[in-house]
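Chemist: One letter stands for each residue in the lines below.
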Amino acid sequence: MTARALRWLPPALLVAVALHQLWLASTRHLTPWCGGGFGMFSTTDGRYARHLHVYGTSPGVRVEFEIPPELDERVRAAVALPEDQRLRALARDFAPYAVSDFESPDSIRLEVYATRWDAATLAPSGVLLAEVEVPIAGP
Amino acid sequence: MRDLDAGDLARKLTLADLALRPVGAGWLRPGLLALALLGLVLPSVSRRPWFWLLLAALAGLRLISSWPLADNHAYLLAYWCLAVAIASRESDPAPALAWSGRVLIGLVFTFAVLWKAISPDFLDGRFFRVTLVLDGRLESFTRIVGGLDADELFERRALLAQHADGVAPDTLAVPKEPTRFRTVAWLATLATFASEGALALAFLWPLGRGPSRLRDPLLIGFCAITYLVAPVSGFGWLLIALGVAQTPPDGFRTRVAYLVVFGLVYVYDEIDRAGLLNTL
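So the protein lines, in turn, are chains R and A. Just so we're aligned, residue 1 is where the first sequence starts under this note's numbering, counting upward by one. Just so we're aligned, residue 1 is where the second sequence starts under this note's numbering, counting upward by one.
The set of hints was computed from the structure by calculation and includes no laboratory data. Treat the hints loosely; a few may be bogus.
Unchecked claim - With the C-beta cut set under 8 Å, the calculated list includes, among others, these residues of chain R facing chain A: (1) PRO11; (2) LEU13; (3) TRP23; (4) PRO32; (5) PHE38; (6) GLY39; (7) SER42; (8) THR44; (9) LEU52; (10) ALA95; (11) TYR113; (12) ALA123; (13) LEU129; (14) ILE136; (15) ALA137.
Ideal placement from N, C-alpha and C gives every residue a C-beta, glycine not left out.
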């Protein structure tokens with residue numbers, strides 16, 4: 001490959017990654033701030049406007065759990081790109097932490113919300129972006 | 001100093017960026033820092049293609065290992081290191097570096113302005129109305145320019161940061177912003193969109209014609225103002241390094257202007273913004 005042709009490689013990579021990011025943002029709820037598409041400072045839908053709820057569920061019971069600090073990084077990645085596979089893996093990792101006062105739940109439920117602000121009043125409201133429920137294997 | 005060519009200076013500024021604000025997690029951080037210091041101490045090493053290829057590989061590894069969380073300038077760093085590696089294969093790397101610097105800057109601002117155009121909440125002003133309140137990094141700007149005092153700011157922050165999952169927006173009351181704050185948010189919206197659009201146009205326009213002639217003053221002005229408000233010095237320094245790379249061989253004064261802004265961005269970072277606020 002000639003030197004002149006090679007010069008196109010970095011800009012071509014930039015464009016390819018940015019187009020992929022646009023696709024992920026429009027189809028998989030990737031936050032526009034992440035993924036290499038240069039969407040920072042373009043929308044309120046950043047990682048910090050998203051949050052995760054973790055529940056342990058059993059028939060007739062739903063208990064919300066705190067997020068352990070060890071899983072912070074993985075939670076940040078999951079809210080930035082809340083893909084089903086990523087959320088299911090994270091739910092399985094929550095299992096050892098999801099023990100209530102009485103018993104282990106039957107399953108772990110994750111819900112990822114994004115805050116949207118009303119165009120006129122700026123009143124916030126949470127929009128559900130993704131949810132999964134993963135059964136916990138018995139002992 | 002007058003002999004310092006654009007490519008050499010651009011390489012040094014890129015390495016200085018990495019040395020001043022080390023990036024990456026785990027072993028990548030000391031690895032990138034050590035390479036940056038090596039390149040600064042031994043300039044002959046920093047002219048070798050393998051050196052920049054190694055930096056590009058580590059920068060790329062950083063993107064993969066932290067996917068999808070890496071900031072946008074982490075991507076730009078990887079592309080730029082690859083561009084420098086490719087240019088360094090040539091007997092005179094300066095023209096290739098200049099071309100890469102110009103095109104990469106143009107594309108960065110093209111996608112930045114595209115995102116702002118298609119975003120549902122940027123052009124209507126919501127982005128800055130919310131972000132100036134919630135983003136603690138912008139607090140000094142919000143208080144000094146936006147005119148919100150500490151109590152007003154914290155009260156609005158508490159209201160806007162509520163997790164109102166599944167609650168209809170009309171059930172929550174958020175008091176209207178003061179006129180001055182709303183005006184500042186609007187001006188920030190328009191200025192950001194206009195300046196990024198102008199930068200995209202200037203850097204991708206055919207060289208030496210029309211808007212292309214404004215590209216250096218536009219980028220210098222953008223970095224001097226933006227990074228006073230937004231404490232993202234790593235991005236600012238990288239844009240300056242790319243900007244320096246594309247200056248013409250006789251553009252000594254332009255390179256000095258870029259260097260001054262590189263220093264300014266460092267000074268901005270060292271300003272005790274909290275202390276400054278307390279004196280007001």
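Chemist: Each of the hints needs a verdict: does it hold here or not?
Modeler: Going through the hints against the structure:
Interface restraint check: R:PRO11 against chain A, minimum CB-CB distance 5 Å, threshold 8 Å, status holds. With 8 Å as the threshold, the beta carbon of R:LEU13 comes within range of chain A, its nearest partner Cβ sitting at about 6 Å, so the hint holds. With a least beta-carbon distance of about 13 Å to chain A, the hint placing R:TRP23 at the interface is violated under the 8 Å criterion. Proximity of R:PRO32 to chain A holds as hinted, the smallest CB-CB distance being about 6 Å (cut-off 8 Å).
For R:PHE38, the shortest C-beta to C-beta distance to chain A is roughly 4 Å, which falls under 8 Å, so the interface hint holds. Because the beta carbon of R:GLY39 sits about 4 Å from the nearest beta carbon in chain A, less than 8 Å, this interface hint is met. The criterion of a C-beta within 8 Å of any C-beta in chain A is met by R:SER42, whose closest approach is roughly 4 Å, and the hint holds. Satisfaction of the interface hint for R:THR44 is found here, the shortest Cβ-Cβ separation to chain A being roughly 5 Å, below the 8 Å cut-off.
Checking R:LEU52 against chain A by beta carbon gives a least distance of about 11 Å; that is not within 8 Å, so the hint is violated. Hint on R:ALA95 is violated. Least Cβ distance to chain A is approximately 24 Å, over the 8 Å limit. Satisfaction of the interface hint for R:TYR113 is found here, the shortest Cβ-Cβ separation to chain A being roughly 5 Å, below the 8 Å cut-off. For R:ALA123, the suggested interface contact is upheld, since its CB lies about 4 Å from the closest CB of chain A, less than 8 Å.
A hinted interface residue such as R:LEU129 counts as satisfied when its beta carbon comes closer than 8 Å to some beta carbon of chain A; here the least separation is about 11 Å, so the hint is violated. With a cut of 8 Å, the hint placing R:ILE136 at the interface with chain A is violated, because the nearest CB-to-CB distance is about 24 Å. Hint status for R:ALA137: violated, given a least beta-carbon distance of 28 Å to chain A, over 8 Å.
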